[in-house]
Amino acid sequence: MLNTAETSSGDAQARVLVDFDRVDLAYDDTGGNAIEDVSLSIREGEFVAIVGPSGCGKSTFMKLVSGLKPPTQGNVVVDGREVSGPLKIVGMAFQAPTLLPWRTAMDNLMLPLEIVEPYRSTLKQKRGEYEARARSLLKTVGLEGNENKFPWELSGGMQQRASICRALIHQPKLLLLDEPFGALDAFTREELWCVLRDLWTEKRFTVVLVTHDLREAAFLADTVYVMSKRPGRILVRKEIDLPRPRDLDITYEERFTDIVLELREHIGRIRKT
Amino acid sequence: MASTKPRKDAWAPWVFTAVIIILWQAICSGFTVSEFIFPSPAAVVKSLVEFAGPIADHAWQTFWTTVAGFGIGVGVGLVLGFIIGSSRFMYNALYPLMIGFNSIPKAAFVPILVVWFGIGTVPAILTAFLISFFPIVVNVATGLATLEPELEDVLRSLGAKRLDVLIKVGLPRSLPYFFASLKVAITLAFVGAVVSETVAANKGIGYLMMSAGSSMRMGLVFAGLIVISAMAMVMYVAFAMLEKRMTGWATRGMDSKL
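Here the protein sequences line up with chains R and S, keeping their order.
Mapping the first sequence onto the numbering used here, position 192 (from 1) lands on 192, and the numbers just tick up by one.
Mapping the second sequence onto the numbering used here, position 96 (from 1) lands on 96, and the numbers just tick up by one.
Wrong hints could be hidden among the right ones.
Stated by the list, open to error - Within a straight-line C-alpha distance of at most 27 Å, the following computed BS3-like cross-link-like pairs (lysine-lysine) qualify:
#: 1; chain 1: S; residue 1: 161; chain 2: S; residue 2: 183
#: 2; chain 1: R; residue 1: 149; chain 2: S; residue 2: 203
#: 3; chain 1: R; residue 1: 173; chain 2: R; residue 2: 126
#: 4; chain 1: S; residue 1: 244; chain 2: R; residue 2: 69
#: 5; chain 1: R; residue 1: 203; chain 2: R; residue 2: 173
#: 6; chain 1: R; residue 1: 88; chain 2: S; residue 2: 244
#: 7; chain 1: S; residue 1: 161; chain 2: R; residue 2: 88
#: 8; chain 1: R; residue 1: 126; chain 2: R; residue 2: 139
#: 9; chain 1: R; residue 1: 229; chain 2: R; residue 2: 203
#: 10; chain 1: R; residue 1: 69; chain 2: R; residue 2: 88
#: 11; chain 1: R; residue 1: 173; chain 2: S; residue 2: 168
#: 12; chain 1: R; residue 1: 139; chain 2: S; residue 2: 8
#: 13; chain 1: R; residue 1: 126; chain 2: R; residue 2: 88
#: 14; chain 1: R; residue 1: 124; chain 2: S; residue 2: 161
#: 15; chain 1: S; residue 1: 244; chain 2: S; residue 2: 8
#: 16; chain 1: R; residue 1: 126; chain 2: S; residue 2: 244
#: 17; chain 1: R; residue 1: 124; chain 2: S; residue 2: 168
#: 18; chain 1: S; residue 1: 244; chain 2: S; residue 2: 168
#: 19; chain 1: S; residue 1: 8; chain 2: R; residue 2: 126
#: 20; chain 1: R; residue 1: 149; chain 2: S; residue 2: 168
#: 21; chain 1: S; residue 1: 161; chain 2: R; residue 2: 69
#: 22; chain 1: R; residue 1: 124; chain 2: R; residue 2: 69
#: 23; chain 1: R; residue 1: 272; chain 2: R; residue 2: 203
#: 24; chain 1: R; residue 1: 173; chain 2: S; residue 2: 203
#: 25; chain 1: R; residue 1: 149; chain 2: R; residue 2: 139
No lab work stands behind these hints, which were simulated from the structure alone.
Taking the hints into account, I'd like the entire structure generated from these sequences.
Here is the structure:
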């Protein structure tokens with residue numbers, strides 16, 4: 001299974017990390033499928049965005065990738081293995097920061113390490129090392145000096161930065177983001193795009209970003225998938241061939257707006273049907 | 001007011017209480033109300049001083065039966081709340097039963113308890129327990145059951161077991177609910193103990209009031225009321241302070257909706 005995913009060139013970048021083969025998922029026997037006939041593969045280190053009208057099963061897609069739900073039909077292969085339970089190689093962040101209010105930013109970041117192996121059993125001995133890692137992660141997202149603040153002492157944007165750090169602290173191969181910037185104001189959102197871009201450029205994990213925001217998808221992703229209304233199907237796969245590193249200025253260039261308009265057209269067509 | 005943290009309106013309850021007492025005294029003196037019907041504050045204080053020894057004795061009995069019943073209530077309430085709050089199935093199975101149980105007036109249990117355990121301390125403890133555990137169950141269960149699904153996803157995707165989620169997130173999250181319920185439960189426990197004492201005991205403030213009432217010593221009856229109320233208030237304040245200390249994070253800046 002693992003070998004077939006490897007390309008002939010042997011390029012490590014091209015190894016397939018996530019592979020969906022004609023996947024259906026129904027939440028119960030009566031309600032029909034939440035997503036249907038989804039096939040796609042995500043390369044290691046690829047930044048994928050999934051866009052679509054609300055209720056199209058984007059979040060369902062996340063549950064499948066993370067192993068929280070098994071598919072009703074078809075196969076989901078992640079990291080060379082068929083998914084049959086929680087994966088532990090993923091980090092997740094959502095629209096709500098979901099930080100624990102009784103923990104400081106630092107302690108919130110440590111939470112995944114208290115759960116996932118091998119950190120769980122080595123946390124006592126290596127606490128200092130892990131805290132240093134958390135501190136440097138917080139520094140990369142511009143939260144230096146806020147380690148001992150409680151969530152309610154941080155602004156919404158800062159909480160979301162901390163939430164993304166929490167998703168990355170255990171160095172997951174796969175970062176799943178479910179509309180992480182949806183609740184932020186436009187300026188903070190664009191600032192965090194750049195934070196995410198820089199984190200990804202530095203660490204090169206694989207990202208699946210679910211979003212409503214077409215500009216966000218076009219700015220950040222390598223590949224954008226457009227999903228249909230429920231039952232969610234993949235309608236369009238669009239490679240974003242803008243050069244990297246991308247700067248915010250690019251969002252005002254014509255080649256960028258062309259891409260956004262094209263995506264918009266697809267979404268518009270779905271909404272009409 | 002030698003308060004450590006002066007607040008502008010800290011004097012308000014004291015002044016209001018003083019006004020009520022003065023009004024009470026004025027009505028009793030002004031209309032020459034019989035002391036056998038409605039004793040004046042002065043008469044109540046007189047009884048308090050005169051019977052200070054026996055009152056303290058009975059008050060101690062009521063206090064420790066209440067605290068014992070409350071203690072059992074906390075234990076049982078925590079366990080039941082944990083069970084109900086952590087499993088949807090148990091929630092569905094037990095919750096209707098709990099509601100049904102809670103709607104029975106607890107005074108109705110006293111005769112049964114007397115048949116089982118005889119007159120005295122045990123029925124008082126058990127009544128205090130029966131009346132006080134319910135709010136704890138409901139609050140702990142609510143705290144556990146209202147866990148954010150996203151947060152659960154975050155943890156479960158890391159391979160967290162149910163118990164991990166409960167210990168790392170569920171329990172700390174339900175603590176503010178738990179401590180809030182302690183305040184309610186301790187005052188209810190006093191109600192339970194005193195109700196039981198008035199019916200089936202030969203010691204305790206409830207018994208004292210009952211026997212003083214039957215010999216028409218209304219000053220003493222009212223003194224008993226005031227002693228109960230004072231004890232309950234002290235305990236309430238103690239638990240309110242404990243709550244603030246333990247779960248200050250829950251009341252400060254919750255605008256981010258957790």
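Are residue 8 of chain S and residue 126 of chain R close enough, with their CA atoms no more than 27 Å apart? violated (50 Å)
Run the distance test for residue 244 of chain S versus residue 168 of chain S: straight-line Cα separation, threshold 27 Å. holds (21 Å)
Tell me if the straight-line CA distance from residue 69 of chain R to residue 88 of chain R falls inside 27 Å. holds (14 Å)
Is it true that the CA of residue 161 of chain S sits at most 27 Å from the CA of residue 69 of chain R? Holds, because 15 Å separates the two Cα atoms, which is no more than 27 Å.
For the pair we were handed, residue 161 of chain S and residue 183 of chain S, check the Cα-Cα distance against 27 Å. violated (33 Å)
Taking only the CA atoms, is the gap from residue 126 of chain R to residue 88 of chain R under or equal to 27 Å? holds (20 Å)
Assess, step by step, whether the Cα of residue 149 of chain R is no farther than 27 Å from the Cα of residue 203 of chain S, and give holds or violated. violated (53 Å)
Pairwise hint evaluation, residue 161 of chain S against residue 124 of chain R, where the allowed Cα distance is 27 Å at most: holds (20 Å)
Restraint status (C-alpha distance of residue 173 of chain R to residue 126 of chain R at most 27 Å): Within the cut-off at roughly 22 Å; holds.
Residue 124 of chain R and residue 168 of chain S: Cα distance at most 27 Å? Within the cut-off at roughly 16 Å; holds.
Straight-line alpha-carbon gap residue 126 of chain R to residue 244 of chain S, limit 27 Å: violated (34 Å)
Under the criterion that the straight-line Cα-Cα distance not exceed 27 Å, is the pair residue 126 of chain R, residue 139 of chain R satisfied? holds (20 Å)
When the structure is compared with the earlier hints, violations turn up for hints 1, 2, 4, 6, 9, 12, 16, 19, 22, 23, 24 and for no others.
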